[in-house]
Amino acid sequence: MTPQLSAGIVFAVGAGLLAAVFLFVALTGRRPAVPFDEVTGTGYRVRRMWFGVLVVVALGTLAATLPHVPYPGVRSGRTTGTQMDVTVVASQWSWDITPSKLPAGRPIRFRVTSKDVNHDFGIFDSDDHIVGMVQAMPGFTNVLYLTFDQAGTYQIRCLELCGLFHHAMVFPNLEVVRG
Amino acid sequence: MAIAAETQTGGRDRAVARVTFLWLATGGALLVVLALAGLMLRITQGFGLLSARWFYAFLTLHGTGMVGVALTTIAAAYWYVMSRALPLSPKVMFVAYLLTLVGALLIVAATLIGRFGTGWTFLYPLPSTPGPVPGWSGWAAAVFLVGLALVVVAFALWSLDFLRAGIVRFGGLGRMLGLDILSGKRSPGPDTTDPSIIAGTVVAIGGVAAAVPGAVIVGLELANLAAPSFTFSALLAKNLIFFAGHMLVNVQIYLGAGLVYAILPEYARRPWKASRVLVIAWLVTALFVMLAFFHHLYQDFAQPTALQVVGNVASFGVGFPPIVVTIFGGVLLVFRSGIRWTAAPIFLYAGLAGWAIGGFAAEIDASPGVNQYLHNTLWVPAHFHTYMALGVVLFILGAVYHVVPRLTGKGLSEPLGRAAAWPIILGGWGLVAAWYASGVDSLPRRYAISLPGFQYMAKIGSVFAAIVAVGVLVVFWDFARVLTGRGLGARATPGS
Chain A
1 MTPQLSAGIV FAVGAGLLAA VFLFVALTGR RPAVPFDEVT GTGYRVRRMW FGVLVVVALG
61 TLAATLPHVP YPGVRSGRTT GTQMDVTVVA SQWSWDITPS KLPAGRPIRF RVTSKDVNHD
121 FGIFDSDDHI VGMVQAMPGF TNVLYLTFDQ AGTYQIRCLE LCGLFHHAMV FPNLEVVRG
Chain B
1 MAIAAETQTG GRDRAVARVT FLWLATGGAL LVVLALAGLM LRITQGFGLL SARWFYAFLT
61 LHGTGMVGVA LTTIAAAYWY VMSRALPLSP KVMFVAYLLT LVGALLIVAA TLIGRFGTGW
121 TFLYPLPSTP GPVPGWSGWA AAVFLVGLAL VVVAFALWSL DFLRAGIVRF GGLGRMLGLD
181 ILSGKRSPGP DTTDPSIIAG TVVAIGGVAA AVPGAVIVGL ELANLAAPSF TFSALLAKNL
241 IFFAGHMLVN VQIYLGAGLV YAILPEYARR PWKASRVLVI AWLVTALFVM LAFFHHLYQD
301 FAQPTALQVV GNVASFGVGF PPIVVTIFGG VLLVFRSGIR WTAAPIFLYA GLAGWAIGGF
361 AAEIDASPGV NQYLHNTLWV PAHFHTYMAL GVVLFILGAV YHVVPRLTGK GLSEPLGRAA
421 AWPIILGGWG LVAAWYASGV DSLPRRYAIS LPGFQYMAKI GSVFAAIVAV GVLVVFWDFA
481 RVLTGRGLGA RATPGS
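So the sequences go chain by chain: A and B. 1 is the number of the first residue of the first sequence in this note's numbering; add one for each residue after it. 1 is the number of the first residue of the second sequence in this note's numbering; add one for each residue after it.
Each statement offered as a hint is correct.
Okay, the calculated beta carbon distance ranges per label pair:
#1 B:S187 with A:L59: 31 to 41 Å
#2 B:F232 with A:T82: 35 to 45 Å
#3 A:V57 with B:L160: 31 to 41 Å
#4 A:G43 with B:A226: 54 to 64 Å
#5 A:V21 with B:L236: 36 to 46 Å
I should point out that these hints are in silico values taken from the structure, not numbers from a laboratory. Quick caveat: nothing in here was measured; it's all calculated off a predicted structure. We treat Cβ as the ideally placed atom computed from N, Cα and C, and that holds for glycine.
Extracted from the complex, chain A is given alone in its bound form (with noise of 0.2 Å):
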């Protein structure tokens, strides 16, 4: 399963608890009034729960992710073996990428610079889906670090608004071979 479709199921199953809570009280309201003080005390009761649920979840979801985070600072720590370095020049409307024959298995450090105006270098693989990204910035080299798991044909496409023919900034086969 890739990263975007878990976090579309976690997104789906909350967006869907939500709505349910928020019909279902919504529904409430077609009934007999009753007063104020009388649901208070039990919805503040609820609320310390529901506060207490999400500290936990925002905690433990800070403690999972954020040894995750893509920085070369932390990524060139949990890398091993020989690197490979990749040099990658962005400009309007064109990625230089050397080498672009890459070994699977292996990893890489890309060199991302931009020659005129920011662009975003989106690795694509072969079901279109995004394995990794980073910023091609102009007066600033960015450092990815990624290993391929799979051979084949990757692209590479922009992801930041650079101009008049941003959608077609495409470098169509990154070779990654298994060797």
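Add chain B to chain A, keeping to what the hints say.
Okay, now just chain B, sitting in the frame of chain A:
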């Protein structure tokens, strides 16, 4: 309103009503036009309609216009509701209106005549660097930046006048925020602040805070346009843009909260008083909303990692006050209240749902590790349209149904309003659902041409957007009929 202080004379009543009338009529018309521009974007991605040059110009008009017009329209509705409790100045409001109007016209000229197409984000140095096949010229970029600056200045004026009026009424910023309630010096009552004013105070502080980096980045980019040899850090530019931009988008939903606090109790026939919990919630909001914008820069790895972590924590933190206090409070207010579901509470309550669910989607994207896969995909317009179109705009519609009878002495049609709510709300959810699914499929946002094989998503979205448009046009037609047919009546009475 909990605060019943009479602060106006008959002359002020009329001035308040006139300026509100102007805002709502102008804002309503612009929102409809901008929504139709958004519909054209979806149709282009699904069926092909606009060229890339026009697509990016319309994208910029739709995004910038919606952010600016929704902000100023909801601010006007909130201002009207608050005008009974606070000595707000109709003159300042009128100046803000003129500035906004001129700013909006400049943005329209920059995009529709100059075809300026950077999106509302105008990331440096794109405005001065349109590329080897330029989509726009320097004058269009300059006009856009000046227009945007005028709208930001107008909102800063609105904010300063709100703070002035609040300080005159309560004697200090602390009491506006309810610090006296928090410290136990006073119990909530006629002499203390109320939930609406607390929300408005946080908004006004944010409006002033956003104006500073907003002015700096506009000045820097104009200097770069005038003298290309003058350059500055692209990373600094992004921080300035997103501090101001994120703030000005977030305060809109907080103004919506202010409206809900003031209006929903009338329909639920239950009070919504200030409390220590509510004061703490808004203080937490005031702090975290200043820091959450770092999540826009998660993929800018040059940003210090510590700031990315601050952005992550603040983004999670800023979600707590609404979902635990305001939205929960709204739901509790309605629960078994015997509420009569007229158009105003329908839109306000549905807006709370949009805020809750859109906020949840935003929180999912707020971890850098998850953002790595969703950033700049259609997940992003999905979540911000959930709390903008299904939150802020619904709050505006709820406020309009509540305010217009008080403003004109003549109400909007209830059957039409209730009938229009269905296509607006259900069509809106269909529209954002197509975007969420597209985001899960990694479809990039802001593409003039959909990726091959994925046009069907845009087609589905277009159908739902058209359904929304039908509902919006019905409301607007009724709104225009009332405003033009009656104008300001003798019964014009500010506030609720």
